[in-house]
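Colleague: Working from the sequences, and respecting the hints, build out all of it.
Protein sequences, first through last, are from chains A and B. Note that this note's numbering numbers the first sequence so that position 299 is 296, with each residue one more than the last. To get this note's numbering, take the position in the second sequence, counting from 1, and add 2.
FYI, nobody ran anything at the bench for these hints, they're computed from the structure. There's no promise every hint is true.
Below, in silico cross-link-like pairs of lysine-lysine (DSS-like), each with a Cα-Cα straight-line distance of 25 angstroms or less [as the list claims (entries may be wrong)]:
{"no.": "1", "chain 1": "B", "residue 1": "Lys259", "chain 2": "A", "residue 2": "Lys387"}
{"no.": "2", "chain 1": "B", "residue 1": "Lys86", "chain 2": "A", "residue 2": "Lys387"}
{"no.": "3", "chain 1": "A", "residue 1": "Lys388", "chain 2": "B", "residue 2": "Lys55"}
{"no.": "4", "chain 1": "A", "residue 1": "Lys93", "chain 2": "A", "residue 2": "Lys106"}
Given the structure is predicted, the values throughout are model-derived calculations rather than measurements.
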Amino acid sequence: MDRLKHLLAALGTALAVAFSPGASAAGTVTLLDSFDVIDWDPAIYYSAETRVVLNIYETLTHYNPDTGEAEPQLATSWSVSDDGLTWTFNLREGVKFHDGSDWNAAAAKANLDRVREMGKGAAYIWDAVTEITATDAHTLTITTSYPAPLDLVASSQYAATMASPAALEQGTDWFMEGNAVGTGPYRLVQWEKSQQVVLEKNEDYWGGWSGDEFDRVVYRLVAEVATQVQMLRGGEGDLMVSTAPADLLHQLEGDPDLVVGVFNSWLNIPLMINVGMAPTDNRKFRQGLTYIMDYAAIANDIYGGYGSVPKSCVPQAMWGSGEHDVAQFDLDKAKMLLEQSGVPKPWKVTYHAYTGRQEIMQIAELYQALAAQVGVEVELLTGEWPVLWKKQTKQESAANMFAVLWWADWPTPAGWLETMFRSEDPIVFNFSHYSNPDYDVVLDEALRLQGSDQAMAVEKFMEAQRIAYDDAIAMCLVDLQKTILHRADLGGVDYNAAYETVSVYNLRRM
Amino acid sequence: MYRYIAQRLLLLVVTLIGVATITFFLSRVLPGSPVEMMIGFHPTAEQIAAAKKELGLDQPLHRQYVRFVSEAIRGDFGISLRTKQPVVEEIGRRSLATIELTLLTTLLLVVVGVPIGVISAVHSNSPVDHTVRTLSIAGVAFPVFIVGMLLQMLFYGKLGWLPLQGRLSSEVYLDHPFDRVTGMFLIDTLLARDYVAFRDAAAHIVLPLATLTLVTLPLVTRITRNLMMEVLQEDYVRTALAYGMPRRVVYYRYALKAMLIPLMTVVGLTLGFLLGGSVVVEFVFDWPGLGGYVARSIAASDFPAAVGVTLVLASAYLTVNLVVDLLYFVADPRLRRA
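Modeller: As structure tokens, this is what we get:
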């Protein structure tokens, strides 16, 4: 027994010496992520890869959420012809890719042509484009078949990033082995599948270095939020790029080592109401349903204050959303409208609630409880997101109601008003099965105007929304804020609603 | 005996074909199309149609099955829809991480669990026995994730002795590259004579290993105890003791031998269970093994991965059972003569 004790003690000491947890090495910042990169190909990636790759790649323009306009990045200036069909981008000179090759108009053309040809990921954002020409080394001309806001499209976090032409020639399979060659402040040095991604400073970055940036960036893949929090506390991690649930953030408020950054986002939750099946094919009945929800409770209780009561189904942080007279929580009014609808009792609706996000389920349960008070029975049907999505697109398997967490691919209200509300055949995201020619006409005008006359476009987007809200095809549940939990000694944490990432270039150790 | 082995191998192949067929049809029949999952969040209708064609999902079911079988025979399970990496490659990498963890666990079970069971049986109804039995019940009752997280809180949070998650530290991955000869880091780092990396790998495996051992140990201990209790009542044990043979010799040389066969069965089954059943431990400690892979693949309707992993796990389980059965012959001379 004694021998065993000695052995254990020796083993303990050996391991304790072998491993000493604590702060990351100087010059290294460790970001904790629960999502491993899936697609490395810049023409294909269409998910949370952005957290990593947007520190490697850059776009022609960069969206400024304060002004709602595009700003120079790899393009220094741009202009559009009077008819709105020809865009000329002047490219930044003296920029090099991580492989040493030059950034120029030929490279830009190669990237955009490839995206359009492959038609994967978010390639649709370039649908208006007819031709891309490298007019000279640093001038790129793009012609479109109808006026489109190409300066905003070019700022997209998907399908608009620029990779080295040599890398593009290697093809998708090469990218998928974990390769990335961009112009950004950091270059990829290691991808250890399902364990970590490591970036290192690009010494030749055109934006320059002040000296206190981080040299090395480690994205450590940690599945459990609870584990991530422990790593932050232990100093082994600096920042959580995946979002922590609100109740956890509140528990951590008293911790002096940790800070919760709160930022505007384009995340929101529309609750779509199916106009194609009884009893929600009755407009009055739908209107009645929209007054049943306690919107303030969603923002303040379910999202713990990291959300606000919306004034439109397009997030308020997005341009063109506008303030609308959307439904408030009013059970009496709901009851009155339901009675007026003439729908025979008993009132019963089905509701798709997908699993994997506790808030989506809590909202569904809240609605179910409130609806019972006005005599509406809500049958909750649960399942995985892909399953319910598929079911909702076909009327024979759809539910009356479906709440989905939503965002836009590039800075435009069309991410909601076109993708979710416009007539569609076959249905992909029009979960209301809404088809109103009046709405489509106004929306199409707005879409055409957004390239040439943003002020007019906003008016049309407002008008389109009025039609949709009047038809009660959706309830605007909540505008969400992005929360980023990080250590207090990490400075420069910022978030731009257009980009699902944290820019490491701006981070500093304080 | 050879005839027996041949029979068993034939049975193994038949079982695998059955498993493959069932999983294939289940994955196609169950609701939820994997296509949408594969091509991102906002695909267009054309992209969905194109992806279906690419996956051959537009073909009739029997054609899909023929294609699946012909590819599977060549060892090609396709590309995972979720991770977009070749399924075979990923299973290869992950199964070695799993094997490293489960083999060590099994070793600990035999080295620690069996003696504890024997001691508990020999001293039945003594304080030692009561302690072992209480702890066993507690061990069975505690959910795996609680045990794992408690260990994390203690050894990482409070004491700071051991790392929290992963197979290696970030710095070691970066600055201590070593050849992945076997895919088992403890062996690979030793082969590369990189002792810093070895110690790091060892430190990282301690907590997941301890968790898995703690939750499976009670089973082995209790079964050993019960088997031992039965053997101790046999006449020949009483006789041996009456002749004044040393207790240690009686217990460990004769009694233990008599219960080898049921014990091997239990250990074999436990190993088979651990190969696919360490899902929770893999999640808690971010151990990149098979369990987490299969769980996530199923949740995402990633059928190439799910079918591939199911087949691999089924073959592993069957192989372990076969090996255990063959070990009976080694352990029991009477069977060899039969």
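Colleague: Look at each hint and say if it fits the structure.
Modeller: Right, here's what the structure says about each hint:
At roughly 59 angstroms between alpha-carbon atoms, B:Lys259 and A:Lys387 are farther apart than 25 angstroms, so this suggested pair is violated. Our distance criterion of 25 angstroms between C-alpha atoms is met by B:Lys86 and A:Lys387, whose separation comes to about 21 angstroms. Our distance criterion of 25 angstroms between C-alpha atoms is met by A:Lys388 and B:Lys55, whose separation comes to about 20 angstroms. Distance restraint check for A:Lys93 and A:Lys106: the Cα-Cα separation of roughly 16 angstroms lies within the 25 angstroms cut-off, and the hinted pair is therefore satisfied.
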